[in-house]
Amino acid sequence: MHKKPKKYSIFSLIKNAFSYHENWQPVWRSPEPKNNYDAIIIGGGGHGLTTAYYLAKNHGLTNIAVIEKGWIGGGNTGRNTTIIRSNYLWDQSAALYEHALKLWEGMSQELNYNVMFSQRGVMNVAHTLHDVRELKRRWHANRLNDIDCEWLNTKEVKEFCPIINISPNIRYPVMGATLQRRGGTARHDAVAWGYARGADAMGVDIIQNCEVTSLNVNNGQVIGIETTRGSIKSKKIGVVAAGHSSVIANMVGIRLPLESRPLQALVSEPVKPVIDTVVMSNTIHAYVSQSDKGELVIGAGTDGYTSYTQRGGFNIVEDTITAVVELFPLFSRMKMLRHWGGIVDICPDASPIISKTHINGLYFNCGWGTGGFKATPGSGWVFAHTIANDEPHKLNVPFTINRFSSGELVDEHGAAAVAH
Amino acid sequence: MNKKISFTFDGKKYSGFEGDTLASALIRNGVFLVGRSFKYHRPRGMISAGSEEPNAIIQLESGEITEPNVRATEIKIYEGLNATSQNNWPSLNFDLGSVNDLFSRFFPSGFYYKTFMWPPKYWEKYEYLIRQAAGLGRSPTKDDPHQYEHFHYHCDILVVGGGISGLYAAKLLAKANLKVLIIEQHPELGGQCLNTDSFKTHEVLIKELEEQNNKDNFKIIKNSTVFAYMHSNYLLACQKINNAKIRQIIWKIRATKVVLATGSIERFLTFDNNDRPGIMLANSARKYQNHCSAKDIKKIVIFTNNDTAYQTAIDFFYKQEVEVQAVIDVRKNSNGDLAKKAEKLGIKIFFNHAVIDTKGRKKINSVIISELDESLDKAIGRSKKLSCDLLCVSGGWTPTVHLFSQSKGILFYRESDATFIPDKSFQNEISIGACNGTFELDEILKETYSKISGLLTEFGKKIDVKSRINSEKIFYDKLKHLWIVPSNKHFGRTKMFVDFQNDVTAKDIKLALREGYRSIEHIKRYTTTGMATDQGKIGNINALGIISDLSGVPIHKLGTTTFRLPYTPVTFGAMAGRHIKEFFDVERTTPMHQWHVDCGAKFEDVGQWKRAWYYPIENEGILQAVNREVKATREGIGILDASTLGKIDVKGRDASEFLNRVYTNAWSKLDIGKCRYGLMLGDDGMVIDDGVTSRLGENHYVMTTTTGNAASVMSKLEDWLQTEWPELKVYLTSVTEQFATISINGPYAPKLMNKLCPNHDFSKDNFPHMSFQNIGIDDVHCRVMRISFTGEMCYEINVPSSYGKALWEKCFDLGNEYNITPYGTEAMHVLRAEKGFIIVGQETDGSVTPIDLDMSWIVSKKKYDFIGKRALYRSDTIREDRKQLVGILTKDPNEILEEGSQLVEKITPVPMEMVGHVTSSYYSPNLGRSIALALVKEGIKKKGLKIYAPMPNKAIEVEITNPVFIDPSNERLSA
Ligand SMILES: Cc1cc2nc3c(=O)[nH]c(=O)nc-3n(C[C@H](O)[C@H](O)[C@H](O)COP(=O)(O)OP(=O)(O)OC[C@H]3O[C@@H](n4cnc5c(N)ncnc54)[C@H](O)[C@@H]3O)c2cc1C
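Sequence order for the protein chains is A and B.
Be aware that the first sequence starts at 1, since it is given in this note's numbering, and climbs by one per residue.
Be aware that the second sequence starts at 1, since it is given in this note's numbering, and climbs by one per residue.
Derived by calculation from the structure, the hints in this document are not laboratory data.
Watch out, some of these pointers could steer you wrong.
[To be verified] Straight-line distance between alpha carbons at most 27 angstroms, and here's what the computed BS3-like set of lysine-lysine pairs gives:
no., chain 1, residue 1, chain 2, residue 2
1, B, LYS3, B, LYS76
2, B, LYS835, B, LYS674
3, A, LYS158, B, LYS142
4, A, LYS15, B, LYS489
5, B, LYS3, A, LYS69
6, A, LYS102, B, LYS581
7, B, LYS125, A, LYS158
8, B, LYS489, A, LYS69
9, A, LYS155, A, LYS69
10, A, LYS57, B, LYS125
11, B, LYS862, B, LYS716
12, A, LYS155, B, LYS883
13, B, LYS602, A, LYS158
14, A, LYS7, B, LYS121
15, B, LYS359, B, LYS222
16, A, LYS158, B, LYS581
17, B, LYS76, A, LYS272
18, B, LYS257, B, LYS332
19, B, LYS299, A, LYS293
20, B, LYS869, B, LYS729
21, B, LYS219, B, LYS451
22, B, LYS340, B, LYS385
23, A, LYS158, A, LYS57
24, B, LYS114, A, LYS4
25, B, LYS473, B, LYS257
26, B, LYS121, A, LYS293
27, B, LYS424, B, LYS557
28, B, LYS906, A, LYS394
29, B, LYS125, A, LYS15
30, B, LYS835, B, LYS602
31, A, LYS7, B, LYS125
32, A, LYS158, B, LYS674
33, B, LYS602, B, LYS581
34, A, LYS102, B, LYS114
35, A, LYS15, B, LYS114
36, A, LYS272, B, LYS125
37, B, LYS385, B, LYS408
38, B, LYS299, B, LYS359
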């Protein structure tokens, strides 16, 4: 078996410095897959890793494996713009994301791995009367759901984010904003690595470079998987493969109501601190924050077409940058350093699926679309519960796959919530 | 000699010459210390002469034209240029941040993941300090005074790169009567050849091509970097032009064929303290020395693992004031032509040796060299110190395959010289010359000739055999790759930089591997190697080599990380081009817009449209103005500019069937000349749009949509037609902008209509509600519809746009006696709310069915199908306790609810259970009190119930009512 990991701290850092850092242990082992596990999680993104972590931690299931076709955190977990907030409109969503946000607030300590969760506030800006109406609706709903949220008028917006252009003469003037102070950003890779380390310490096998090629089902019960590294047996399988969940569902004839589309993002060259919060605008389609390294992190809306290539059209990038320059004219002479894309898995109602299926022991967690990073810990928490008890946690009851036949949708884009 | 130019660096005045880059001008002045590194604040100098530069990054100028993170190696000096070093305090020479270097052993890669966690609340404070320390230059703080343009270019062949291979390719193509574009990132053509004395062919080529520029479909663009290679041979280049007004141009290029001739980048070697100012890539050092003579450079050492660096030794040898101390070569020997030549000249060569350390804090002053053991793993024997003030390093060459890789081409790893070279193309493209792994000049010429000849055949052309060029052959002996140069120190104490700007060393990579970050992407992310502003152009291959060495996995099995756009950073402003300010999402205005402006109207943005919101007179506030407009409409005549509503012309054999499918109600039996209101649902059964459609002929309708949804409805309808119902013969045309729409409302509306068109019978028998007639007004053909969104008698006149303003003005001339009053969108909202009419997007939000709106009358039970029908009968959509549209009256008639307020049945401490929300809320001057519409759970059943809107400071009591507040029996409509 493995040893409990040594604790990270300033002291361990100093101590290790004297042995040239040669005594650090691996963050996770790289074991060969066993023949049989009590549960298998397919997909080593943030949601898969948190699921494994909470299965072990909350439910005592430690003979489990996370199967990842590439490297952990290499999907959307490592490609997103890391905006974290819980100010969702509908009760069902607000409850789930707020649960996640609370977990974020203790995450670095819980994992003993600094995920750099930075609560610098998330501001959603209104540019039209329609925006004002919608954002106020959300603000009131958040207030009554006991989720921190404030309404800022134009002047207060400027005070909170001094570099924003509030001239009344611009194309879409700033008419106010909601602000969730507890919102912010985090270091995406650290989330994957921290949870992987924590799960590994409890005995979870993290198996990378192992692609699941088919699911084995017998008499309506899953019995295992075939992978590029052989077959593995298990009677509980949780699929957390983001855009590829539909591919895996197809292996057993399930059609998921997911569309996979490119979503693009970019960073500028690093500069000294210039913007100290996250600013999002739905009307002009842009959002921006600054990373600890100093890069402006900028995201766009999804491309209009379904695709599995992790890159979209340049016009989307151009439009996004244009919007950023419009809102922050001082950024005009900044430069785009790096651009990338991910494939996001979008449900018709822009809410996730965290659900059992008609096949015993087969569970799906997907459809997080453009905004699932913020849910990472909460998603794993409730999905672990679902797998361990073969029944949903009260927070994910609304997110069943059956809602698409019953019509009980949780329509977050209809509600003009800003994605991400 | 060229013109003398003076410039300032860190407040000190220097002079250089025209044609100098900032880096070469500084070297000319003996300035090698130009920056500080990101993490340890180590003193750094320029190590290259191009876009791969990680160290010489400066802040250019100040104020509104400042630009952070500019590579000094790329910017040409101009009179008065003012540059400042970055990331140091108080000064470049004395930087307090450099204490980090002393404590660097406590800051290995990823140290921040392991610490700053205690006490938890302090993270904010730690982070503040981290953020202050991070970042390089400073963001501008003022608006950019410059302008940027976008140009489009279509050509048969795009040649990227104006080095010898690109030039030769261009020459071979230029006479073939094809449209050819050649792009070079530097201000001058020639590439590496500019550095050679012996080979002069490029000069002839350049002359020939320059003469042909802009003639015969041939074009050269210099000073432009191709930064993106997208699908379908779509490439983007950014041109720097430094004209007084226009700063940069983005070229958007579509080429049938792309010829990549992007050259290669020299590699560094990874040895202890390889980052001191005065340590440079050998070929860059040679470029600088050929271009400018550096002050204070007396002794140089060359450190190499291949033959190309011998050219540097030879060039320096011929410089009188410089002494070539030695060439340190890790190889056992070399039979290459250049090495032989150097030997003959008497240059001292230490084979089987390496530089194992360097000295000199702010400028190198000596190197320590040592012999290597058989396997090059260890330094053996006594080390020697050689003094020098310049160390030229060459670790071989990396083909610039960035664009090839962006195009999704597949790379192949060539073991012999450790290079990734193009293997399989994905798009219509070829690579030639150094970027294809062909380094020797004569071979480049041969390869270019044969590949271009093949390319011409594809275009049905023949190559001109007379244009063949050759060169003298030079023999280069094999390179020996040595990813980690041995040291006689403990590895943990070395500082062998791989990524200079981000301060990533070989031992950081080792640490990452030890900690289990094994995939190349994990290592990159954990150590941040390759993520600096140079994106690892120099360092990435060394990082790969080191990982391979340490992990034992061969390089080709590690794979490279993805090459992402842009090749070099691109200015935001350039990407935005002219699409900012007044051209940002260009405003749409109606033909009557100027009239509203002249009238002092306030405007509201609805989609892209500017709509008149209200028309204040004198000092009226919004409430007074709107009250006046609303009353005038109910008592006299109110006139609204409704031109922004979407209008779609629907024509074709199956037009009726098409409408049957897209709206919930039935259309086949609508008489020609009649109008009908329709609700459109999404496939989830939820309302997405509404509007009135009129039947113009047997197979011809005109549909109206909401203002904001016009475009999305149009594309949705096209989507259905093209992908789901190809069997339907229906043609859609957007005619929104073809017509101006004037909506005349109120009891006196028929009177005005009579005045506008005296010969027409506007009686309700002849012209009933929900019908339209074609009417000539002053000989202009108008389509007049009797429909109403206010509950008043209303005529909507659709007139060709160009007559819109004239007709609008005419209405005022004739309507004066009825107190004709223009009203804006706010009054329109109040008027329709008084009647309980919905606005899609306000009363609905994508979660509301027609039944929820109490509009089951509009849902056909008989029709076989329509979009959303099936969804309407799902278990959740037929629930009876859904949220439903109701009216809301506040207990205090003067209290106007805030739109978006939530409603609760019981006031409790939060969290409170919400039963609905206020969708619309206004003061109704006709009722003399406030009114509101809301969606409330089981609202229809609960009329009369008292509920609450809990606001931050109080709870407002309200009553659920019927949503129709005025004239429920529609008497006014048909009066
Ligand atoms: C550009 C961009 C910006 C975003 N911005 C934000 C934001 O600001 N805030 C926010 O909250 N969210 C954001 N998101 C969304 C967020 O990134 C995702 O919702 C979230 O990270 C999804 O996590 P995951 O674990 O479900 O998926 P992933 O991280 O994609 O993990 C799925 C894993 O499954 C693996 N896999 C797939 N198929 C197989 C197979 N057959 N066998 C084995 N393994 C397999 C994949 O390799 C992958 O590692 C953004 C997304 C993108 C692309």
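Handout entry: Given hint B:LYS581 paired with A:LYS102 - CA-CA distance at most 27 angstroms
Key = With Cα atoms ~41 angstroms apart, A:LYS102 and B:LYS581 exceed 27 angstroms; violated.
Exercise for the section: Sort out whether B:LYS121 lies within 27 angstroms of A:LYS7, counting only the CA atoms. Expected result: holds (19 angstroms)
Problem - 27 angstroms limit on alpha-carbon distance, applied to hinted pair B:LYS76 and A:LYS272 - result: holds (25 angstroms)
Exercise for the section: For the pair we were handed, B:LYS359 and B:LYS222, check the Cα-Cα distance against 27 angstroms. Expected result: violated (40 angstroms)
Practice task
Please work out if B:LYS125 and A:LYS158 have their alpha carbons no farther apart than 27 angstroms.
Solution key: holds (23 angstroms)
Handout entry: Agreement of B:LYS121 and A:LYS293 with the hint, judged by alpha carbon distance not exceeding 27 angstroms
Key = Between B:LYS121 and A:LYS293 the Cα gap is close to 21 angstroms, so the pair holds against 27 angstroms.
Exercise for the section: Please work out if B:LYS340 and B:LYS385 have their alpha carbons no farther apart than 27 angstroms. Expected result: Roughly 25 angstroms between the alpha carbons, so the hint for B:LYS340 and B:LYS385 holds.
Problem - Given pair status - B:LYS359, B:LYS299, alpha carbons within 27 angstroms - result: Holds: B:LYS299 and B:LYS359 sit about 14 angstroms apart, inside 27 angstroms.
Problem - Distance restraint between B:LYS862 and B:LYS716, which requires alpha-carbon spacing of 27 angstroms or less - result: Answer holds: B:LYS862 to B:LYS716 is near 24 angstroms, not above 27 angstroms.
Handout entry: Satisfaction of hint between B:LYS142 and A:LYS158, Cα-Cα up to 27 angstroms
Key = holds (16 angstroms)
Exercise for the section: Could you grab the alpha-carbon distance between B:LYS869 and B:LYS729 and see if it respects the 27 angstroms cut-off? Expected result: Cα-Cα ~22 angstroms, so holds.
Practice task
Assess, step by step, whether the Cα of B:LYS835 is no farther than 27 angstroms from the Cα of B:LYS674, and give holds or violated.
Solution key: holds (22 angstroms)
Against the hints set out earlier in the document, violations occur for numbers 5, 6, 8, 9, 10, 12, 15, 18, 19, 23, 25, 32 and 37.
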